[in-house]
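As a plain string of letters, each chain reads:
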Amino acid sequence: MIFREVEDRDLIAKARRGHVEAYNVLVSRWEKRVFNYLLRLVGQREDALDLSQDVFLKAYQNLKKLDDPAKFPAWLFRIAHNEAYSLLRKNRPEGEITVEPRMAEASGGMFPIETALAVRSALSRLSDDQREAVLLKVYQGFKFEEMAEILACPVSTVKSRLYTAFDLLKQTLAPVNTGGSE
Amino acid sequence: MTCSLDDLKAYAVGELTRREQTALEDHVRACGSCREELERLNLMRSALATLEEEELPRRIAFVSDRVFEPRWWQTMWRSGPAMGFASAALLAGAILAHGFVRPVAQGPAAVDTAQIEQRVESQVNARLDAAVAKAVAVSEARQSAEFDKTLKAVETRFQSQLQAQSATVQQAADYYREKMAQFLVASNEGSAR
Chain A
12 MIFREVEDRD LIAKARRGHV EAYNVLVSRW EKRVFNYLLR LVGQREDALD LSQDVFLKAY
72 QNLKKLDDPA KFPAWLFRIA HNEAYSLLRK NRPEGEITVE PRMAEASGGM FPIETALAVR
132 SALSRLSDDQ REAVLLKVYQ GFKFEEMAEI LACPVSTVKS RLYTAFDLLK QTLAPVNTGG
192 SE
Chain B
4 MTCSLDDLKA YAVGELTRRE QTALEDHVRA CGSCREELER LNLMRSALAT LEEEELPRRI
64 AFVSDRVFEP RWWQTMWRSG PAMGFASAAL LAGAILAHGF VRPVAQGPAA VDTAQIEQRV
124 ESQVNARLDA AVAKAVAVSE ARQSAEFDKT LKAVETRFQS QLQAQSATVQ QAADYYREKM
184 AQFLVASNEG SAR
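The listed protein sequences correspond, in order, to chains A and B. All the letters of the first sequence, read from the start, carry residue numbers 12 to 193 under the numbering used here. All the letters of the second sequence, read from the start, carry residue numbers 4 to 196 under the numbering used here.
Each hint should be verified, as a subset may be incorrect.
With a straight-line Cα cutoff of 20 Å, these simulated SDA-like cross-link-like pairs (lysine to any residue) come out [unchecked claim]: (1) A:LYS154 with B:LEU19; (2) A:LYS170 with B:LEU19; (3) B:LYS12 with A:GLN182; (4) A:LYS170 with B:LEU51; (5) A:LYS25 with B:ALA64; (6) A:LYS43 with B:GLU55; (7) A:LYS154 with B:ASN45; (8) A:LYS154 with A:PHE83; (9) A:LYS181 with B:GLU42; (10) A:LYS181 with B:LEU46; (11) B:LYS12 with A:TYR150; (12) A:LYS101 with A:LEU60.
Part of the chain B face toward chain A, derived, beta carbon under 8 Å [claimed, not checked]: (13) ARG43; (14) LEU44; (15) MET47; (16) LEU51; (17) GLU56.
It is worth saying that the hints were derived from the structure and are not from the lab. Treat the numbers as computed from the prediction; the structure is a model and nothing was measured. Here a beta-carbon is modelled for each residue, glycine too, at the ideal position from N, C-alpha and C.
Model the full assembly from the supplied sequences, consistent with the hints where possible.
Structure follows, in structure tokens:
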């Protein structure tokens, strides 16, 4: 991880001097994570891909504003968060909640693919804020302080969103876990 | 240590310090309800882990700086000091331009430029002719004065010469008259002898 961070720092320094190839290497390292984060947030592959391109474009244009290259991941996901929420606000009027069928309520004994579908469904039942907290912590591995920077909110808010999401996921995924463990 | 659901969740996502972890693990071993809660959290995490990352439909890559470099005006717009300098420069330029370029009064809608040029040319020619005439008049006056002066000098010299010649002629006449008188006297004296 340290080795990787040093390498990213070098790539960022080169990209700041106009080395496009260095930036492309940086993009290749982060594009999958950014794409999946956006995909699980907005739900549409094409939207997630378009947003990913916008994220990396804006990141390049503002690379010189990044004070500490070690904070590149949180800074990049901050841009991704802003892009995703711009789209969500545009596509989804205030107060409207998307509810997908509760696939997790299916009978036990699920295969991994079915479990994955149940997880996707369970995540979709969370609020945007709760789902994003889960994505950043569980799937992207950010610390609470980094999440607070990305989401521009206090650490206490981050914890509150994440822990509430965990309570909901435990309830929703309980039949799946039970079924899988039998 | 007392039961804390938040501590269990923080433990499940690796947000406790090593010391806190040790304390919580000691507590969980002794507390059945916390152990069950931790198991539920771990099962939830296991279920979440089944969701694999998807591949991108196509790679993201940039080909050249020109394609996605910020424009000069975007850079300028984002820079407060540069924007201030540009505004000041623009204002200074406007003042300077105003100093050099006076606003021209608008004439009638349809103006024959050829006519204006002809009129200007005639005015220029008239002024030129007047200037030339004035110069010629001054020159002629000066020449006339010089001519008069020369003529007067010639007349004066001629009168002087004339007077001098008259005097010479008078002297010669007096001389011959005296000689004639002497001759007559001598002649009379000869005939008388």
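Each hint tested on the structure:
| no. | hint | in the structure |
| --- | --- | --- |
| 1 | A:LYS154 with B:LEU19 | holds (11 Å) |
| 2 | A:LYS170 with B:LEU19 | holds (13 Å) |
| 3 | B:LYS12 with A:GLN182 | holds (15 Å) |
| 4 | A:LYS170 with B:LEU51 | holds (18 Å) |
| 5 | A:LYS25 with B:ALA64 | holds (16 Å) |
| 6 | A:LYS43 with B:GLU55 | holds (11 Å) |
| 7 | A:LYS154 with B:ASN45 | holds (19 Å) |
| 8 | A:LYS154 with A:PHE83 | holds (14 Å) |
| 9 | A:LYS181 with B:GLU42 | holds (11 Å) |
| 10 | A:LYS181 with B:LEU46 | holds (8 Å) |
| 11 | B:LYS12 with A:TYR150 | holds (16 Å) |
| 12 | A:LYS101 with A:LEU60 | holds (17 Å) |
| 13 | ARG43 | holds (5 Å) |
| 14 | LEU44 | holds (7 Å) |
| 15 | MET47 | holds (5 Å) |
| 16 | LEU51 | holds (5 Å) |
| 17 | GLU56 | holds (5 Å) |
Hint compliance for this structure: no hint is broken.
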